[in-house]
Structure formats: C-alpha cells, structure tokens
Amino acid sequence: MSDQMIPARKPPKQSVGLLVWSKNNLFASLPSTVATVLIVYGLYLLLPPVVQWGLLDATWWGSDGTACTTEGACWAFVTARLDQFIYGFYPQDHQWRANVFFFQLVLLIGWLTIKATPGKKWVLGYALLLMPLVSWWLLYGGLGLKIVATHQWGGLMLTLLLALCGMVASLPFGILLALGRRSNMPVIRALSTAYIEMWRGVPLITVLFMASVMLPLFVPEQVVFDKLLRALIGIVMFQAAYMAEVVRGGLQAIPKGQFEAFGSLGLSYWQGMVLIILPQAMKLVIPGVVNTFIALFKDTSLVLVIGLFDLLAIVQAGLNDPAWLGFAVEGYLFAGFVFWAFCYGMSKYSQRLEQQLHQGR
Amino acid sequence: MIDYLDEPCLQKPLSQTLEQKASSLIDIRGLNKWYGQFHVLRDIDLQIHKGEKVVICGPSGSGKSTLIRCINCLEEHQQGSIVVDGTRLTNDLDNIETIRREVGMVFQQFNLFPHLTILENCTLAPIWVRKQAKKEAEKVAMEYLERVQIPDQAHKYPGQLSGGQQQRVAIARSLCMNPEVMLFDEPTSALDPEMIKEVLDVMIELAREGMTMLCVTHEMGFARTVADRVIFMDEGQIIEQAPPAEFFDNPRSERTRQFLGQVLNH
Amino acid sequence: MSERVSRTTFYKRLSRLWRNGDSRPLLMQALVVLVVLLLVVWVINNTMNNLEHRGISTGFDFLSQEAGFGIIQTLVEYDESHSYGRTFTVGVLNTLLVSSLGIAFATVLGFLVGIARLSANWLLARAASVFIETFRNIPLLLQIFFWYFAVLAALPHPRRSLAFGDMIFLNLRGLYLPQPVIEQGLMPVLASVVVAIVTALVVRATIRQHRLRTGQGTIAMPWLLLGVLVGMPALVWHFSGATLSVELPQLRGFNFRGGITIIPELGALLLALTIYTAAFIAEVVRAGIESVPKGQKEAAAALGLKPGKVMTLVVIPQAMKVIIPPLTNQYLNLAKNSSLATAIGYPDLVSVFAGTTLNQTGQAVEVIAMTMAVYLTISLSVSLLMNIYNRRVALIER
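Residue numbers (the working numbering), protein chains in the order written: chain A, 409 to 769; chain B, 876 to 1141; chain C, -12 to 385.
Hint data in this document are derived by calculation from the structure and do not stem from the laboratory.
Careful, some of the hints might be misleading.
Simulated DEER-style distance windows between Cβ atoms [unchecked claim]:
id, chain 1, residue 1, chain 2, residue 2, range
1, C, 121, A, 537, 28 to 38 Å
2, C, 43, A, 557, 25 to 35 Å
3, C, 238, A, 437, 24 to 34 Å
4, C, 28, A, 594, 17 to 27 Å
Cut-off 30 Å, straight-line C-alpha distance, at most; resulting in silico cross-link-like pairs (DSS-like, lysine-lysine) [what the hints assert, rightly or not]:
id, chain 1, residue 1, chain 2, residue 2
5, A, 664, A, 529
6, B, 1031, C, -1
7, B, 1072, C, 281
8, C, 293, B, 1009
9, C, 281, A, 421
10, B, 1014, C, 296
11, C, -1, B, 1010
12, A, 554, A, 664
13, A, 528, A, 756
14, B, 925, B, 1072
15, C, 293, C, 281
16, B, 1031, A, 664
17, C, 296, C, 308
18, B, 1031, C, 296
19, A, 756, C, 308
20, C, -1, B, 1006
21, A, 528, A, 691
22, B, 1031, B, 925
23, A, 431, A, 421
24, C, 296, B, 1009
25, C, 308, B, 1006
26, C, 281, B, 1031
27, B, 1009, C, 308
28, C, 293, B, 1006
29, C, 308, B, 1010
30, C, -1, B, 1014
31, B, 925, C, 308
32, A, 756, A, 523
33, A, 431, C, 308
34, C, 308, A, 691
35, C, 308, A, 418
36, C, 308, C, 293
37, B, 1072, B, 1014
38, C, 308, A, 664
39, B, 1009, C, 281
As the structure is a computational prediction, the values presented were derived from the model and not from experiment.
The beta-carbon is built from N, C-alpha and C at its ideal position, and this holds for glycine as well.
Build out the structure end to end from the sequences listed, making use of the hints.
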C-alpha cells in the first residue's frame, strides 16, 4: 500500500501470437476444427483446377472459337468482343464520344468520393441536373455531332446510362412522393401512398412490359417513343417509388423540433423544406440512395426482355454467334465480374458513408 | 463451432499452488489480465469474507469493472487464480456455470430482457437453471419484487418502467437466484439523479440483511455508510484498501487523496 | 364594366381563399384531383382511340377463347384446347410453386449462411462472407442464365445420365426423382402419421407443463418424441399390411418416363432464386442477431444460463423481432423476382400470360393489368399482415 506502482508488463506468451490466434479462431472446439478442416480441404480441391483452367491453360487471344484448343478457359471470346461488350453497336469512329462519357463519370465519381476536392456542391448539382442531358447529347448527337440512333447503343455503356438516368430522374419524383406521403392533406397522402405501394408491389419486368407495349397506347397516335426512352420511363416510374421510401426514411429521422423551428421562423412550407429539412434528410439518405442505385444497376439487366442490348444481353447474344459456340461459362463469368466489381465497390462506399454518419452523430 | 456467447475463460489460469483460506468467499490471487498488449489488471490480490461489503472506486479506465467481471467470468484472465465459495474458476463450462449460479450481478445498463415481463425476467433463471417449478419461482419472485417495492409492475414490460425501477427489478432478478455474493457494476451511473436514491436504498437494505456485496460505484456516501472496506484502484492495481472512516479521513496515498478531492468536492 | 368589377372581386376572393390557412389545403387537393382526373381521362381516351385504329378488341372475353399453345409444366390439367383463362391459372400456380419452393430453400440456406457469418471460426465466417458478397452483387438474371445455359446445359444426354443408385437421374432434360405411389391400405398409415404428430405435440406440451409445474424432468425429450413420430406409423404400417410402391423413372427411348421430373428451367430458376435471396437473408439474420446488445447475453450468462439457453431464451426471441419484417420483404422480392422465369422459358405467370397470351391476343391493357394485379394482391396482403404484426409487437413492450 504505497505509491509504488506496478509497471505494465508484456502479456504471457500463452495468450498472444499466431498459434494462440488459430487455437482460438480455427480450432476452438471439435465442430470448429471439423469446419476448418472441411473448408481447407474444399479449397484444396477447388482452387488448383480453377487456377489451371482460368489462368494457366487459358487462351487469351484469337479471332474465333477455333483458336481455343486447350483445356483451359477461352478468354479470347471476351477479348475479341470487348469492343461490343463495352459500346454495343456504336459506330467505331464515334466511340470517342462514349469514352468521353465514361471519362466524365470517372471524374465525377472521383470528385465526389475523394474528400479533399473543392466545390462539391456545384459538381453534385452538375451531376444531378446537367450530366444526364450532356451525356444524352454526347451519345445521341445533334448540335454538330452526328446522330447515332439508340438502337445502336449497347453494352456496358447502355447499362451505365440506364442506371444513371433512371436514378437521377427518379430522385426528384421520389422526393415529391415522399413529401406527399408525409403531407397533412389526406388526398395527396392517399395518392402518393397508392402510387408508391403499387409500383413496389409489382416486379420490374411487368413494368418494362407495360412501358414497352402499353405506353404507346396511352399517348396520341402521332407521338412515337423510342424503345430506349420507353424503357427509361418505365424504370423511372418504378424507381421513383423506391426512392420515395428511402427519402421518407430520411425525413422520419429529422427531429420534430426542426419542423417546428422553421414554422416559428415564419418560413413557408416549401422554403422550410428546401432550406432546412431536405438538406439534412438528404445527407442521411445517401447510403440508402446508393443501395437502391445498386439494386437498379443490377435490375437494368432486365431490359433484355424487351430487346435492348445491355451488357448481359450483348454477352448473351455473343454466345449464340456460330463462330463462338460453347463459351457460356467464360461469357457469364466476365459479365458477372463486371457487374460484381461495380456493385461491390458501391456497397463498400455506402457502408463507409453509413459509418461516417454514425460517427458524426 | 457456432458460439455467440464469448466464453472468455477458455484460457486455463496458470497453475499456482496457493492455499485458499476457507473463510473467504471470494479469493483472488496474483490476477493479471491483458487486452491484447494492454495490461489492464496487475497482480491483484483480494479476499472477501462472507457477509463483507466492499466498495471499489477509482478513476475510469482503472480496471475496477474488469476486475468484478472477471469474478463471474464475463472476462477472461490470463494469470492468477479466482476461487469463489471453494470453486476454482477454470475453463470448464460447468465450473463457470456453478460459479455464476452463486454470484449475482447488477449491470450499469440494467440489461433487463425487453421481450419478457418483469415477472418473467425474474423467473427465467430459477426455472431454467435452478429447475424450480414455475409457481414456486413466481412466488419467490413476487416476494423479491415486494422487497424492492414494485410488485404492482410485475406484468409490465421493462420498457414501461423508469430507469430506477428497472434497476430495482435487475436487483430482484439476481436475488431470485439466491446468490452467495452480489456484484454491482456502477449500478447508479446510468440513472437520473432523482432515481439514484431509490436504488441505493434497496442496496442498503440488502447490506443490512447480511448479503456479501462487491460494489463498483462512485457513490461515496453509500461507501461511507455501508462498506466494511473501501478499495481504491488505479492503472489496473489496488492502490489502497481500508475501512471507510480511515479511507476517507486519512487516505495514505497521494493518488487516493487526489481522487477523493475530485469526487467529493464537485 | 360590371363584369370587370366582378372579375376582380372573384380574383380577390380566390386570393383570399388561397391565403386562408383552412381553405388553401382544400383548394390544393381539389386541384391535384382535377389534374389526376384529367390525366386519366386523357390516357383512357388515347388508349381507346389507339385500340380502335389498330383493330384490337377490348374486354375480358378473350379469357374464354382457346389458347392453342402448350405449356411444359402444369400443376393442373392443361393442353392446347384449354382457354386463356386456364393459361392464367396455370401461370399463377407455377409462380406460386417456384416462389414457395424458393422461399423454403432460401430461408434454410440464408439462416445457415447468416449464422455461419457470425461463427467464432474465422475461416467459416470468411467463407460465409465471400458467399454473401459474391451472390448479392451479381444480377439475378445473370445467375439464372449461368445455371441454365452454362451449368445445366453442360449436363450429359439422357442416355449417359448421372445416376444416383438407379433411383435419381440427372441429365440435360432435368432431374428425375422416384415418386411414391399411394396404394390401398395406405390411408390408415397416413392417418397414423397425423395422429403421431398430434401425439408428439401433446407429449411435448405435457412434459413442458410438468417441468414448469414441478421443476422436475427434462424440458425436451427428443428421443421420446422421435419414437412417437416414427414408431406409431411404423406399427400401424406393420399391422395394417399396407404397401407403398415407388415409381422409378426409367429410360424409354430418348428420355425418362415416370417418377417426378424437375425440368431444367425450374431447376435453374430455383437454384438462382435460392442462392441470390439466401445471400440477402443471411445479411438480415446477421444484422438481427447482432442487434441484440451484448449486455443481454452477459446478463443471461451472469444468471447462470447455459450458452444454448442464452440463445434460445434471450437472443433469438429478440433477434426474430428485428429479422421478421426485412425477411418478409425478402420473401416478397423473391416472389417478384420469380418473374424472371420468362427469360429462360419457365412457364410462370409473366411468361405464359404477359408473354405468349399477350402476343397472341394483343390485349395488352387487360393482360398486363391482370398480371400486375396478381403480384399486387400478394404484396399488399403480405404487407397488411406485416403491419398488423408490427403493431402488435409495438404494442407489447412499450
């Protein structure tokens, strides 16, 4: 009992180190040991043949299926058609326009995700308002650019375009619907709720069918819709309902005091919403928005049922090419990997945002 | 293989040949614990006799909560021995359960089970661990609920009770297991000031009835009136232990004096 | 002059109504209703005109017309001569079949993976996490194609089927399983199975009651229950002299006949739906179990409960409350996603009705409306049940 303090010591050898770790995390009990052994054995069985097939024995280049004579994967199917997988049937000498579109996306995403960049507000404004229009002009043409009809669009380019445009266009509708569903006015609340529940209750594929066969019936005969535009309208109507629910979640998280505060300041409903509530709510909903975007990104693959050639559809079409028969596995693995890389990256990003949100509060 | 409950005592304490005093209910010798590389408990020796009331105080992060959580094996220790009522804590699951049956614990955050009524909270362990009949368990539970003065809330859910009431239920829940020792881990720290007293009153009552108590708390008034011994911990070690009169009026170590100065003069 | 005055007073009045806190919402709602009505009328008008110009008939008369096309898998009797109405029924039943099978499989797999994800075994937790991250980040349609065109299409021809003990055969055309055939004398056995289940439940409840009343005896007696479940039907079987024959699939010519056939379309769809949804369910399960605060487990353990009891009495009941709403959501997603069947030709509702029937009749409005109504009915009734459940849970505990 004195002020003589006991100095800190290193933990005993028995409690730290790799061996102790594996004892605790791999062989803690009999069932755990069995699981570990089974998984290791499974990996031992699986990995070497997969590496052998996918890398060591693979054929990487070639102009048609006959080039692939080895036992391994025929990546030549992918490399030979890479152009098509990315641009669809977009004319070769105009592909730079698609490249500018891709470059613009990379730049925007980089700008918005990297913390240190300035002027985020303006960039976000551009991304949400002007970017879809600029992209459309770049890809479609007009104003000095040669017009490329939408039936020539395809591949990854189309997938990205559908997802982005669907997303950006559905955001404002989603916000309006969310506000409508929380409105004090019963008629508006009922209409918004009915709209949201209806679209959330049906599969996207029926919405696409509807957009493709019914939409032309709904408008006067002389109005002709592009097939791509019809798909896009369907996607936006559908996506707006999901977006509304995400935004509603954000609105619910705003404390009631904030609504009372703008009322007491003498601001009108719309002033209060735009200046006070929505900026706070939107910050909260970004992870949710990214998650619905991931879902939409995957769902764009459904447009193949109405005859548009997104990434999956164009790979699928390539598999039926007589010069390249029998490479389904390679084709799907490639398309799957591309989709996976995008979705996984975005989901990690959304998780990071969520963590930041939790720390901030 | 699938084990959600971290059983922290899987590490066998190093064998030590120490004679355990028969008279002490809890006997801790040479206890050392590390979180990774961080040395949280350093050479702790502590004996608690039957019927003794001990209060542990100290600045936050001094290891006092960790110490009492080691006693019923919510935390694993790497060196030293802990013997509770003649049962030595080892990595044997049955052994751990034997000790937990004898040791009641009250948490800072109450930890009542929100999906069960107050009565069900109290009868859960007697029914499933002590294998009592339900009627019997309910009768005992109602007795304890009366002693903590909330029998009328028995059929409500924890969410419907105030913090002070919840903590009193938590005490009753532990008592229903008829433990030899009660551990209190900062039982009043999460309570609003006006509710602290109702919980302390229950604890004082319990002390009067002769329960062995080991209590981590900042309530110095409680320590003065109830404790047989006050222990001051800092940096994972016991700096000073003494009867309350001596501890408060004539602390021997400089650290204790500093700490008391901060706690008593605010 | 007077008209002008009255017009200005009219505007003034209108503006006063607009400025009035009571009447403005009414005015606004009336306006919205008006706009929506106009839009609806415009759309209906356009549609009627368009249909007339294209010579497409309207109404639901087509439902009684002969369909004239076959369907590869039907749960009810169906052939080309049946009506479009019958086609609709076949489609709905096939959708329900694939949805309910998918839900059952996905639940089992999802819970297993979700629990494995939380395992103390690092390798197992990693493996589960790789499974989740892989399959939920790849479009479902791509997974369906992969199983259908890449995996199942690579199976051998019927003559070189993969055989499992001369009972189960797997080939390009599907999976062939033996089918139990109920013969005479089986009724008592079936009845005894029902009786056995009821008895087992009663025995279990009695043991539990006895245990709660006296504190004596164990809680569950798995062997006794198993004995009742297996023993009773076995005895009845033995004494009633019932016979059960099994119809085995057999190779006749180019294909197998007899037994239960699972067509590759159903197989691929089920595989993909199960794995895709299981990845999401696993995350739901993980989040649910993790949502139970650590203190709950500590408190239960401190009371002396064994780890198994901590899980069943404290953790799982709390976790289930968090798990059930998103789980139902996943079930609904699976039901809606089963519509992707149309891409590989499994005859679900969208495929046979919104696909073939629509193409043949051209009656897009009616067909799509009926298709959507089916999904909407499923979704809305499940959400209704969910709301009731949520309200009940919210009522208890608070």
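Results of checking the hints against the structure:
The hinted window of 28 to 38 Å between residue 121(C) and residue 537(A) holds, with their beta carbons roughly 36 Å apart. With their beta carbons about 28 Å apart, residue 43(C) and residue 557(A) fall inside the hinted range of 25 to 35 Å. For residue 238(C) and residue 437(A), the Cβ-Cβ distance of about 48 Å falls outside the hinted range of 24 to 34 Å, so the restraint is violated. Look at residue 28(C) against residue 594(A): about 23 Å separates their beta carbons, and that is inside 17 to 27 Å.
The hinted pair formed by residue 664(A) and residue 529(A) meets the criterion: a straight-line CA distance of about 27 Å does not exceed 30 Å. Taking the CA atoms of residue 1031(B) and residue -1(C), the gap is about 59 Å. The hint is violated against a cut of 30 Å. Distance hint between residue 1072(B) and residue 281(C) is fulfilled; the C-alpha atoms sit about 27 Å from each other, no more than 30 Å. For a cut-off of 30 Å, the pair hint linking residue 293(C) to residue 1009(B) stands: about 19 Å separates their Cα positions.
About 29 Å separates the Cα atoms of residue 281(C) and residue 421(A), which keeps this hinted pair within 30 Å; it holds. Using a Cα cut-off of 30 Å, the hinted pair residue 1014(B) and residue 296(C) holds, with the two alpha carbons roughly 23 Å apart. About 77 Å separates the Cα atoms of residue -1(C) and residue 1010(B), which puts this hinted pair outside 30 Å; it is violated. Restraint check for residue 554(A) and residue 664(A): the C-alpha separation of about 54 Å exceeds 30 Å, so the hint is violated.
With a CA separation close to 21 Å, the supplied pair residue 528(A) and residue 756(A) stays within the 30 Å bound. Distance restraint check for residue 925(B) and residue 1072(B): the Cα-Cα separation of roughly 26 Å lies within the 30 Å cut-off, and the hinted pair is therefore satisfied. A hinted pair counts as satisfied when its Cα atoms are at most 30 Å apart, and residue 293(C) with residue 281(C) qualifies at roughly 16 Å. A C-alpha spacing of about 29 Å is found between residue 1031(B) and residue 664(A), which places the hinted pair at or below 30 Å, so the restraint holds.
Taking the CA atoms of residue 296(C) and residue 308(C), the gap is about 18 Å. The hint holds against a cut of 30 Å. As the CA atoms of residue 1031(B) and residue 296(C) are separated by approximately 23 Å, the hinted pair is consistent with the 30 Å bound. Proposed proximity of residue 756(A) and residue 308(C) is supported: the alpha carbons are some 27 Å apart, at most 30 Å. Between residue -1(C) and residue 1006(B) the CA atoms are separated by roughly 81 Å; this puts the pair beyond 30 Å, and the hint is violated.
Simply put, residue 528(A) and residue 691(A) have alpha-carbon atoms about 13 Å apart, close enough for the 30 Å limit, and the pair holds. Under the criterion of a C-alpha separation no larger than 30 Å, the hint pairing residue 1031(B) with residue 925(B) is inconsistent with the structure, at around 35 Å. Proximity of residue 431(A) to residue 421(A) is assessed by CA-CA distance (about 13 Å); at most 30 Å being required, the pair is judged to hold. Simply put, residue 296(C) and residue 1009(B) have alpha-carbon atoms about 17 Å apart, close enough for the 30 Å limit, and the pair holds.
Of the pairs offered as hints, the one joining residue 308(C) and residue 1006(B) holds, with about 28 Å between alpha carbons and a cut-off of 30 Å not exceeded. Proximity of residue 281(C) to residue 1031(B) is assessed by CA-CA distance (about 23 Å); at most 30 Å being required, the pair is judged to hold. In summary, the hint linking residue 1009(B) to residue 308(C) is supported, as the alpha carbons are separated by about 26 Å, within the 30 Å threshold. Proximity of residue 293(C) to residue 1006(B) is assessed by CA-CA distance (about 13 Å); at most 30 Å being required, the pair is judged to hold.
The hinted pair formed by residue 308(C) and residue 1010(B) meets the criterion: a straight-line CA distance of about 28 Å does not exceed 30 Å. Taking the CA atoms of residue -1(C) and residue 1014(B), the gap is near 76 Å; set against the 30 Å cutoff, the hint is violated. The hinted pair formed by residue 925(B) and residue 308(C) fails the criterion: a straight-line CA distance of about 43 Å is larger than 30 Å. Among the hinted pairs, residue 756(A) with residue 523(A) is consistent with the structure: their alpha-carbon atoms are about 16 Å apart, no more than 30 Å.
Proposed proximity of residue 431(A) and residue 308(C) is contradicted: the alpha carbons are some 35 Å apart, above 30 Å. Between residue 308(C) and residue 691(A), the direct Cα distance comes to roughly 28 Å. Compliance with the 30 Å bound is thereby established for this hinted pair. Pair hint residue 308(C) plus residue 418(A) does not hold up; C-alpha atoms about 44 Å apart against a cutoff of 30 Å. Using a Cα cut-off of 30 Å, the hinted pair residue 308(C) and residue 293(C) holds, with the two alpha carbons roughly 22 Å apart.
Among the hinted pairs, residue 1072(B) with residue 1014(B) is consistent with the structure: their alpha-carbon atoms are about 27 Å apart, no more than 30 Å. Our distance criterion of 30 Å between C-alpha atoms is met by residue 308(C) and residue 664(A), whose separation comes to about 27 Å. Restraint check: the Cα-Cα separation between residue 1009(B) and residue 281(C) comes to about 27 Å, which is no more than 30 Å; the hinted pair holds.
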